[in-house]
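Quick mapping for you: the protein sequence lines, in order, are chains Y and R. Taken in order, the first sequence gives residues 1 to 301; the numbers are from my numbering. Taken in order, the second sequence gives residues 1001 to 1301; the numbers are from my numbering.
One should not assume that every hint holds.
Partner residues are not named here, just some residues of chain R that face chain Y (Cβ under 7 Å, in silico) [to be verified]:
1. Val1173
2. Gly1227
3. Ser1246
Since the hints were derived computationally from the structure, they do not count as laboratory data. Keep in mind that this is a model prediction, so the values were computed, not measured. By construction, the Cβ of each residue, glycine as well, lies at the ideal position given by its N, Cα and C atoms.
Next come the chains, spelled out residue by residue.
Number of protein chains: 2
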Amino acid sequence: MTAEAFCAAVDWGTSRIRLWLLSRDGTVLAESRGDEGMLHCLQTGFQPALEMHLATVGADASIPVMICGMAGARRAWREAPYLDTPAALSRLPGAAVRIEDAGRDVRIIPGVAQRRVNAPNVMRGEETQLLGVAKVDESALFCMPGTHCKWVGVENGAIVQFSTFMTGELFDVISKHSILAQSVEGGGFDSSHPAFERAMRRGIASPASAHSALFELRAAQLLGYEGVRDGAPFLSGLLIGAEVGSARALYRSQRVHLVASGLVAAIYRTALEVAGAEVALLDAEEAARDGLFAAAGAVWP
Amino acid sequence: MTAEAFCAAVDWGTSRIRLWLLSRDGTVLAESRGDEGMLHCLQTGFQPALEMHLATVGADASIPVMICGMAGARRAWREAPYLDTPAALSRLPGAAVRIEDAGRDVRIIPGVAQRRVNAPNVMRGEETQLLGVAKVDESALFCMPGTHCKWVGVENGAIVQFSTFMTGELFDVISKHSILAQSVEGGGFDSSHPAFERAMRRGIASPASAHSALFELRAAQLLGYEGVRDGAPFLSGLLIGAEVGSARALYRSQRVHLVASGLVAAIYRTALEVAGAEVALLDAEEAARDGLFAAAGAVWP
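The shape of chain Y in the complex, shown without the other chains (with noise of 0.2 Å):
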């Protein structure tokens, strides 16, 4: 297998890291997968975690690493400065930081920052799902869900403008040490649940209001009108909702190129098109892995 290796792409979130060996046509060799993310390896170390990873999939040392993520944030393994707006993604490759001590050529991918003192904003991640999806000259609106959900306008290939929302933290934080946590039952749900799509509807139609409407999800089962199963899907129905409300004039006139995978895939394209967006769907996880293997490829040619 490792004959045939050509490089490793590593997509290094705040609490998981996902590894993969790709050969020189990008087909996935092998793959490794944890919780490795940067929170656990400010206290263990980020080389021990990835050559880990990197033995789990049989990399020998002759192969190199491109990372994206937050491995590259100030205080992680190595900063990896921002590029500034407007940002081509064709610069992305050219501009990863070499960790020179790795024993291997290891490169991290910049994030991108938008310098703007009533706008001030920062990726580390999507950029490099961008280069993975956004074609060269395109341009495109990208929702792209997370734990934070970043708004992306992408110009002539290059991050021009982006807004980010805490609407996956704000459920968990919400969800777990507010009041609210005696509503909220742990445990999935679908796009059609009665509560999601009621309180998603009201989110979009009156972003502002959803402020005032979560408290209504604890007074609702004081009440007796709901249950503590339909809490869970009221309040992530009613901060994707606001959210997308929020955010309608962004997609007024455009196409939503939504990235994401799963379920949150599922409940943010129903919300965009109970909005009134037009959505295309790509696949968050092939998006990172593709604009890895571009960039390697860009860097080792």
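We have chain Y already, so just place chain R on it with the hints.
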């Protein structure tokens, strides 16, 4: 001192208890406060906590006790079932639930429920503050900040409509449990702090965009535009501004009676005035005490 004591008034919150020994004319003879709120007493019992605070103020077994707040919640000391909107404030004293086995005359004032499927809501405690500040037959709008901020419409002396903003609790969970915890330093600030005022004005102008502005707090610090000392004022200003902006339809045509104390009073007053509201400030603690005293006078004439 006990010779002239008439009753004890107790504001029993989720996390705090405040008790006043009052004379027939409403004079405060003594007071006691502590952390024996509902959450504490669910573990240790309500009656022992009450008797401890009564002993602190020297109230013998002949002194009756009027209570408002969370002691009357469903799984707390004894449920005081909600009055439904429209709820005449004058009906509150007579609806107080007597605890038969308390060894003295102890009553809990009920909360108020808004039984509307599309806008369910409940309050416990604020109804008693309104009894303390609203005049008979008054029609007015009240803004009552706290962990949860209630906006209450009173017409002809009855609570007819209300909504709840979890602003205080959102500040708490976001600043403690989200990624923004790294960007928010504890400690006070005043309502003229530049970051407070800037974020507040933004929230007022566009409540729906507060959702995407949250992350800018972190980005502004990463990019060097702001420091960690700006975090708490920014987050507080953004959330309060979004609340005040979202509630604008309520106060466009009428004065806002702000029932609050201390820093909370100052920052809500600033936000309301920036949003164009005319504000009349009423002290929140006095409101609760006056409401309990009014109820005691009605029940024990």
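Structure-based check of each hint:
Checking Val1173 (chain R) against chain Y by beta carbon gives a least distance of about 4 Å; that is within 7 Å, so the hint holds. Evaluation of the Gly1227 (chain R) hint against chain Y yields a violated restraint, the C-beta minimum of about 13 Å exceeding 7 Å. Evaluation of the Ser1246 (chain R) hint against chain Y yields a held restraint, the C-beta minimum of about 4 Å falling below 7 Å.
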